[in-house]
Amino acid sequence: MTPHGTYVLRLADTHLVLAQRLGEWVGHAPALEEDLGLANVALDLLGQARLLLAHAGELEGRGRDEDALAYLREESEFLNLTLVEQPNGDFGRTIVRQFLFDAWQSALHEALAASSDAKLAAIAAKAAKESRYHLRYSSGWLVRLGDGTPESHARVADALVRLWPFTGELFDADDVDRSAAAAGIGPAPDALAAAWNATVDRVLAEATLTRPAAAAFGWHGKQGRHSEHLGYLLAEMQSLHRAHPGATW
Amino acid sequence: MSALRALAGADATATLRARVFELLATVPDPEIPVLSVLDLGIIRHVDVRGDGSVEVGITPTYSGCPATPVIKSDVLAALAAAGIRATAVDVLSPAWSSDWLSEEGRRKLEAFGIAPPAHAVASPRALAYAEPVVACPRCRSVASERLSEFGSTPCKALYRCTACLEPFDNFKCL
Chain A
132 MTPHGTYVLR
142 LADTHLVLAQ
152 RLGEWVGHAP
162 ALEEDLGLAN
172 VALDLLGQAR
182 LLLAHAGELE
192 GRGRDEDALA
202 YLREESEFLN
212 LTLVEQPNGD
222 FGRTIVRQFL
232 FDAWQSALHE
242 ALAASSDAKL
252 AAIAAKAAKE
262 SRYHLRYSSG
272 WLVRLGDGTP
282 ESHARVADAL
292 VRLWPFTGEL
302 FDADDVDRSA
312 AAAGIGPAPD
322 ALAAAWNATV
332 DRVLAEATLT
342 RPAAAAFGWH
352 GKQGRHSEHL
362 GYLLAEMQSL
372 HRAHPGATW
Chain B
457 MSALRALAGA
467 DATATLRARV
477 FELLATVPDP
487 EIPVLSVLDL
497 GIIRHVDVRG
507 DGSVEVGITP
517 TYSGCPATPV
527 IKSDVLAALA
537 AAGIRATAVD
547 VLSPAWSSDW
557 LSEEGRRKLE
567 AFGIAPPAHA
577 VASPRALAYA
587 EPVVACPRCR
597 SVASERLSEF
607 GSTPCKALYR
617 CTACLEPFDN
627 FKCL
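Chains as they are written, first to last, in the numbering used here: chain A, 132 to 380; chain B, 457 to 630.
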């Protein structure tokens, strides 16, 4: 696959894996409203992922459609950010993961709307409206939990420390990112840092949470080197299609 | 003669196009059936081709809206039932906005008990944090509060009127 195709596939996988993670909450959220809320965010991400996967398949030009890419690749072929495959934990940890992601993704979608890849720009211009709304949802909950009871504060503070090391990968550039930036396909990863930092610092302050110190990271999900959690997620996501190829209902 | 024939052809095209719009006005949104697909603003073009078939461009409201494939097949079925050969294509750009809801659509929503969307969106960044003023579709009070950003479909949020105490859906501003 060309760097262009790989760049789009990374985006697609990041959207898809987080949609699958959030889907695990359906029927389990602490209140019906949050069950619907997390499912709606998952649905938006899944719709965005389908468009991106189909586009990546077209760029690859080997006849793989969205289903072939989602269901028939192995763990090391998935190129999602390591952050999004981290387990849901409790509701607080899911909200922290979502907030850290939404703050990044809404800046990313805004930048991608000006991509030299017209299809990617169209997908992102639409998705940008949705990711802004997700950010509002996750920010609102992070403030309620952080500035809530001692218990809710302690839980989201702990989640923030645990998830923070995975945020380094959001801004880390490799050859694929540099090639995409040079061709105007996507922003250089570190170009999103200012917007992300501004959002994170503002909301963490309102949530009475302390920003953790920068931490080294040892995972490179976007290069196919994942934490131990992705394999289990894929096993569940892919089992039906692999047992019954092409099944529809 | 050829000019006359061209004129007649243009006439037939306009008639067919008008007929397609009449039919589209009868195709309901599967999730909010008081709205037609025209009210919703998701029909982006109707092109009559030289062979008398029709291409309808449809844009999704939300990237993941599960009603999108249903809408497409409902549109094609309605046209086929009227003897019109048609294909449907996806249009992604420009992205759908709740501002594209027709005025009639907004009235129908309110009569159905769903508060219509706030008018957008001079600054898209403001959308993320601004709280829109939402009037209760039953008593019209603007003393309402948001219960949840998300409701029973991707395009709605859940509100409650603090004057008449009724909960209601708000069509989200996008």
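No lab work stands behind these hints, which were simulated from the structure alone.
The reader is advised that the hints may include incorrect statements.
[What the hints assert, rightly or not] Chain B stretches covered by chain A per the calculated footprint, using a threshold of three residues with CB under 8 Å from any CB of chain A:
hint	segment
1	525-538
2	546-552
3	596-610
Ideal Cβ placement from N, Cα and C applies to all residues, glycine included.
Status of each hint after checking the structure:
no.: 1; hint: 525-538; result: violated (count 0)
no.: 2; hint: 546-552; result: holds (count 5)
no.: 3; hint: 596-610; result: holds (count 7)
Of the numbered hints listed earlier, the single one contradicted by the structure is hint 1.
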